[in-house]
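Once you have looked at the hints, place chains B and C on chain A.
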Amino acid sequence: MSIQLRLAARYLAGRKLRTTLTTLAIVLGVMVIFGLNGILPGMIQSIQQVMLASVGQVDLSITSASSGTFEPSVAQAVARVEGVRAVSPALRRTIALPRDSGLDASALVVVGIDPVTAPHVRPYPLAAGRMLRPSDESGMRTAAMMSRELADKLGLRLGERFKLPSASGTTVLELVGMLDTPALPGSEEVIVSLPMAQRMFDVGDRISEIDAGFVSGADREAVQRAVRRAIGPDYIVGAVQTESPLSAGFEAASFIMNTIGVFALAMGGFIILNTFRTIVSERRHDIGMLRAVGASRRTILGMFLLESLMQGLLGTGLGLLAGYGLAIVANNALGRMVEQIINLPPTDVRFTPSTWVTAIILGVGVTVLAALVPARAAARITPLEALRPAIGDVYEAAATKRGWAGLALVAVAVAGLLSGNTGLAGLSVVLLLAGLALGSSVAVRPLSDFFSRAIELVYRSEGGVARANLQRNPGRAAATASAVMISIALIVALVGTITSTIEGFGVYAEKSTGTDYLILPQNLLLGGGTVGAGPELRARVQDTPGIGDVATLRFANTVLNGTAVQVVGIDPKEYGRIAGFEYSKGSSEADLTRLERDGTVLANGVFTAQYGSGRGDTLRLPTPSGEKRFRVVGVGNDYINAKIPTLYVSQAALERWWGVTTDVLILADARPGSDKAAALRELTKTVAEFPSFALYDTASWRKVQADLYAQMESIYYVLALILAIPSLLALLNTLTIGVLARTREIGMLRAVGGTRKQIKRIVLSESLLLAALGLSAGLIAGVWLGYVMILAVEGLGLAMPYRFPGVGIALAVAVGLSFAALAALIPARQAAKLDVIRALRYE
Amino acid sequence: MSVRHAILGLLAHEPRHGYDLHGAFEALVGGRGVWPVNPAQIYTTLSRLEEAGLVVKSMTRRVGGPDQNVFELTEAGREELDRWYESGAPSMHQRDEVFLKITLAVADDRARPERVISRQRATLYRDLHELTTRRSQLDTEAPLAHKLLLDKAIMHIEADLRWLEMTEARLHEMSRQPVPEREKPRRGRPRVTSIDKRPGEEGGDDT
Amino acid sequence: MTIAETRGLTKIYGAGETRVVALDHVDLAIEPGEFVAVMGPSGCGKSTLLNLMGGLDTPTEGSVVLDGRDIAAMSDDELTSVRRKRIGFVFQFFNLIPVLTAAENASLPLVLDGVPPKEALGRAEEMLAKVGLTHRSGSRPDQLSGGQQQRVAVARALITDPALVLADEPTGNLDSRSSEEIAGLLRQVSGEWGRAILMVTHDPRIAAHADRIVFMRDGRIVDDTRIANSDSARDAMERAGLL
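Residue numbers (the working numbering), protein chains in the order written: chain A, 1 to 843; chain B, 1 to 207; chain C, 1 to 243.
Derived from the structure by calculation, the hints contain no laboratory data. Note that the Cβ used here is the ideal one computed from N, Cα and C, for glycine as well. Hints are supplied without guarantee of correctness; some may be wrong.
What follows is a list of derived Cβ distance ranges for each label pair [claimed, not checked]:
#1 B:A159 to C:M1: 35 to 43 Å
#2 C:R69 to A:L372: 29 to 37 Å
#3 C:V222 to B:E97: 17 to 25 Å
#4 C:I12 to B:V3: 55 to 63 Å
#5 B:M155 to A:R380: 41 to 49 Å
#6 C:R226 to A:R380: 39 to 47 Å
#7 C:H135 to B:T140: 13 to 21 Å
#8 C:H135 to A:V357: 48 to 56 Å
#9 C:E61 to B:R112: 26 to 34 Å
#10 C:M1 to B:Q68: 54 to 62 Å
Each computed DSSO-like pair below joins lysine-lysine, with the alpha-carbon atoms no more than 30 Å apart [as the list claims (entries may be wrong)]:
#11 A:K573 to A:K585
#12 A:K676 to A:K703
#13 A:K163 to A:K685
#14 C:K118 to A:K16
#15 A:K833 to A:K16
#16 C:K130 to B:K147
Excised from the complex, chain A in its bound form (with noise of 0.2 Å):
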C-alpha cells in the first residue's frame, strides 16, 4: 500500500544519522559477502576456460579421469567407434618458466600434437611460417609453433631459437610457425610435435588428451555414448576435466568468506534490532494515531516490514556497490599473488547469480528478520497509546522468560562442547552465541553493576549515571553487548587460530623437512600441471660432492567419490631415511615398509577426515590403467602435502599404474661430516642447469615458509579488524539513540550544574560499559569457538598444539575498549553541545 511506502520513505529520510548508521550496518555484511565471492568464480571461471579452450575447438576431447597420461592404444579405441572421422593423440603440459628464462611469461602450455592427423580434428590456420611437419620428430629439428599475439607478447620471431625448461633441464625450440588463433591468457600454447614433447617431459609413448572429429551429420550424443562406452569409466569424454584440488580450495575459500560475511550480517542484525525498537518507542503515539484513525494490526506490521526491507534494500544495494569495489581492490591484490603461486591469468571480478542472490536475500533477509521483532512489538501498540502523554525512556523489564532460554542454550552447548565430537563442539559454538545474546538482558544488570565499580573509580558520580543510563534499557543494551561480543570472539579465536596453526605447522616443518636441501619446482602447484624432472636431476645431485641421501617425490592423482586426490609417490626406503611421516594414532614408522607391497597406500590426515577410511580399509582409485585395489596400510602427515588430501605409493607403483616417472621434489641430506657450505655451492651449481627449479637449504626453506604465514596472519588480522567495525557501529548507534532519548535528562543535568565533561564521561562511561559487557561474553565464546577451531583442525589428523590465546583476548580487549572510546567520541561532543534550554523543552 502506497501509504506505508510514503511512511517508511519519508521516516527513513527524516532520520539520517541513525538511517546512515544502520544502513552502514548492513553495507558491511553484503559487502564482505558480495565482494570476495565475486573474486573466486573469476578465477574459478579462468581455470576452466584455460581448460576449455583447447577443446573448443574440436568434436570430442579425451583425457584421464586421473588428469595423467595414458596408452596411446585408446586412440585406437576411440578411432573404431562408428561416427568418428578422424583422431589425433596430445601431450598437454603446463610448464612454469624460471623467472630468468628471458620469456615475458610465467609459465606456457607446451602441446605435442601429431603433425599428419591433428589438421583433421582441429584447424591450424597459420599466419606465417610452415605447419608441423612428420619430418620435425626426427629429433634433429625442434620445431614450434604458436599464436601470433603469443609470439609477440614473447618477443619471439619467425626461425628464432627460445629456451624452454624440460625433464632433461632444458630444451630449445625454434620457431617455425604462426598461427591465426587467439592466445586466451593462460593457455599460451607453444605446439611440438608429439614425440617432442613426449620427450621433453619425459613420458615415454603416453599421451594425455585424444582429440577426434565426427563425421559430418553424426548424432553427437549418440557417438559421444559410443565413445564412452568403448573406453571405460577411467577417462573423461567430452569435457576437459577442471582441476577439481583447486575448486574445492576455493569452495573452501568461498564457505569462509561466508561465514565472515554472515557473522558481520549478525552483527548488522543486532544494529537493526536495536535502531527499530527505538522507532518503534519513539513513535508509538504515531501508531496509537494511526490505529485510532483506523489502521490495522496488519498495516503497521507492514508499514515497519516495508520500512526495513526498504532499509535493507538501501544497505544491500550500497553494499553491492560497495562489494564490487572490495572485489576490484582485493582481485588486483590477490591476483597478483595467485599468479605467482599457481600461474593464473588476472581475471575480471565476476559476479554469479548465486552470489548476488546470496547477498541480496541474505542483506536484505537479515534487516527484514532483525525488524520482523519490533515490528510485532508495534502492530500489538494499542490506540489508546495515541491518547497517552509521551513518556520518556523509562525502565524497561528485562525479559526473564528469553533470560532462561538463552541459559538453556548454553548449558546445552557446554554438553555439546564436552561430546568429544567435533560436530557437536562446531554447533555448540553456534548455540553459544545465541544462548550468550538472549541471556544478555538478564545479565545487563549485574554485569554493569560489575564493571561499573571499576569505572567509577575513575569517574566516580558519572559512572554510575552511565550505569542507571545502560540498565534503563536493557534490552538494547543486551543487543549492542551481543553484536560487540560476536565481533570479540572472532578476533580471539582468528588470533588465537593463527598461532596455534603457524605453531602447529612450524613443528611439522620441522620434522617432515628435516632435511639439509630442497628441490622443487619454482611455481609449485601440487596435484596436478607441475612439470617434473627425469631421473637426471635426481641423478645429479646424487653424485654431487657432499651430498649424502637422497629422496624424491612424484605427483599424480586419482578421484574418489567424485573429488579429486593428490596420489604421492616416495620410495619407502629412501624416503624414510631422509625424511619421515608425523604419524596419526595408530599407525608407526613399520607402516612405511609395508608401502613396498605393491596395492598398498598410505594416507595422510586430510584424506581420512574427508573421506572416512583408515588403516586397514581397501580403496578402489581409477588409475590411467584401469580400476585399482589399494589397502590403506597406514596414516601419516608430511608437512608440504598436509593441507591436501594425499596417499602415498611407492614410486613402483605409481610408475606401473600412473605411468608417471618423473621427480617433482627431490630431498637432499648432507653426507654427515661433510662440509656443508662446499656441498651447498656445489648443488646450486647443479640445479641451476634444470631453470624450473630451485633449491633451498633448510634456513632458507624455512624463512620462505615464514614469509607465507606472515603475510596470511596479516591478511587474518586486517579480517578480524573488518570484523570488529559492526561492533563500532552498534556502539555508536547505541549511544546516539542514547542521547537523543534523553535530551531532555541532560538538559536538566546541565540546568543543575552538570559540565560539559561531566555530560561527555557519562557517554564514554556508558559506552565502555557496553564495550565491557560485549567483552566478558565475547571472551568467553572467543576462547570456545578459538578451541573447537583446534578441535576441528585436529580432527583432520594434524596434531595441534592448542595454546590458550592470550594475544588474541590481550587485542580483544584493546579493541573492544578503544573502539568503546572511538564510538563515544561523536555522541558525547553531541550531548554536551546541547543548548541546555531548547533541550529542556526537548520532546
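Chains B and C only, in chain A's frame:
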C-alpha cells in the same frame, strides 16, 4: 448606582438630551442585549441629578423640529464624577444568592443541596454558552470595550463554576457542621478567627 | 433518533486489590448534530467513556451502539474498520505524523480505506479549506502552530464523513486564543455540518461551546444538561453580577 455615574460621565463628554443619553449608554455597553436600561430609568435618574444640583437643564432650539431639553454637567456634578473615578467600586460577590440557597439547603431536610448546585451549574453553563456565543460572534471590527465587558462576564461565570465545583466536593463535610448561628454574646472570641480554622468554614461572610 | 448510544456501559480495570471501576453502567444517547461535552474531575471515567465509544477499548459489560450496530462485541479488525469509516478522532496532542504534510495527514483515513491517494489528497485539500487552512496544506506539522495542527487534526477527523467525532481534550495543549478558535470550529462542525461530537474537556469555557454537558463522577453520569437555547444574555449578565 452606576447608571447615575454613567450619565455624569457621558455628560462630561458633551451636553446631551435624555433620548440621546439612552442611546449613548446602549452603544457603550454593546447593545440592549448585553445591559438593558429603559429610557424611563434614564429620565428618572436625570431629574434626581438635577435636584441634587449635579446637572442643569437648558432649552435648545432645533431647526425643523421641536425644542428639547439639553442637560449639562455642573461644577458639583464634575466633582462628584471625579470622586467616583477616584474611589474603588465595591465588590458585590459577598451578597450571593447561591450561597444562601446552598447553606440553607444543607440544613433543610426537604431540600437537596446537590440539586441546588446542579441547577445552578446548569444555569451558569447556559449563561456561559450564551456569552461565549455572543463573544465569538463579535468580529474583529467590534469595539474592544464590548469584548472586554463580555470577557469580564465570562470570567465571573468561570469563577462561579469553580466555586460551585469546590463547594460540591465539600458538601459532605459541610453537612456535618451546624449552620452558623448568631453568636451567644460575650463568650470568648469568635470562632472564625481561630488559628486552626478550616477552609470549609469560610463559607461564612466575614465582612 | 440517536446516532450513538451506550447501554449499561461498564469498564473495570484490574482485579482484586487493584480493581478499579472506571465506568459504572453508563447510559448515554447522542443525536445527530449534537455537540456534547463531558466534564468531571480526573479519574471520573470521562476518557474511558470516550475510548469505549470510539472503539479504542472494549467494555467489561454493556454495549455501545453506533449507527444501530453494537461495536462492543466486534473483533479488532471490525473495530478498526468502524473507526476508519464512522468515527473521527481529535486528540490532545494533535497526533499528526511528523513526516507527512498537512494534506497528507488529513487524508490518512481515506488512504487507509483504500481511496486512491490523488483523490484522497484532493478531498483533504477541500477539508483543510473548510477548517480554514487553505494555504498551509503543503506544510509539515512542525511548520504549523498548535492551533493550525489541531485544525489539520479536525480535518482528518471529518474527512471520512463520520457519524461521530470524538475529541479528547482538544484544547488541552493550546493557548487560550487557539482554544477558542478550535472550540468555535467544533461548534461549527456540529451546528453547520450536522456532525455529532463527543468532547472531553475540563475547561468550562470550552465546554460552554457545546449544546449539552454531561457531568461525570466516579464512573457515573451525575448531571446531563442542555445548555443551548437558554435565556437571554441579559440574565447571564445579571447573574454575573454586572447589573
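How the hints compare with the structure:
| no. | hint | result |
| --- | --- | --- |
| 1 | B:A159 to C:M1: 35 to 43 Å | holds (38 Å) |
| 2 | C:R69 to A:L372: 29 to 37 Å | holds (35 Å) |
| 3 | C:V222 to B:E97: 17 to 25 Å | holds (23 Å) |
| 4 | C:I12 to B:V3: 55 to 63 Å | holds (59 Å) |
| 5 | B:M155 to A:R380: 41 to 49 Å | holds (47 Å) |
| 6 | C:R226 to A:R380: 39 to 47 Å | holds (42 Å) |
| 7 | C:H135 to B:T140: 13 to 21 Å | holds (19 Å) |
| 8 | C:H135 to A:V357: 48 to 56 Å | holds (51 Å) |
| 9 | C:E61 to B:R112: 26 to 34 Å | holds (30 Å) |
| 10 | C:M1 to B:Q68: 54 to 62 Å | holds (59 Å) |
| 11 | A:K573 to A:K585 | holds (22 Å) |
| 12 | A:K676 to A:K703 | holds (18 Å) |
| 13 | A:K163 to A:K685 | holds (19 Å) |
| 14 | C:K118 to A:K16 | holds (28 Å) |
| 15 | A:K833 to A:K16 | holds (19 Å) |
| 16 | C:K130 to B:K147 | holds (26 Å) |
Every hint, counting from the list given before, is met by this structure.
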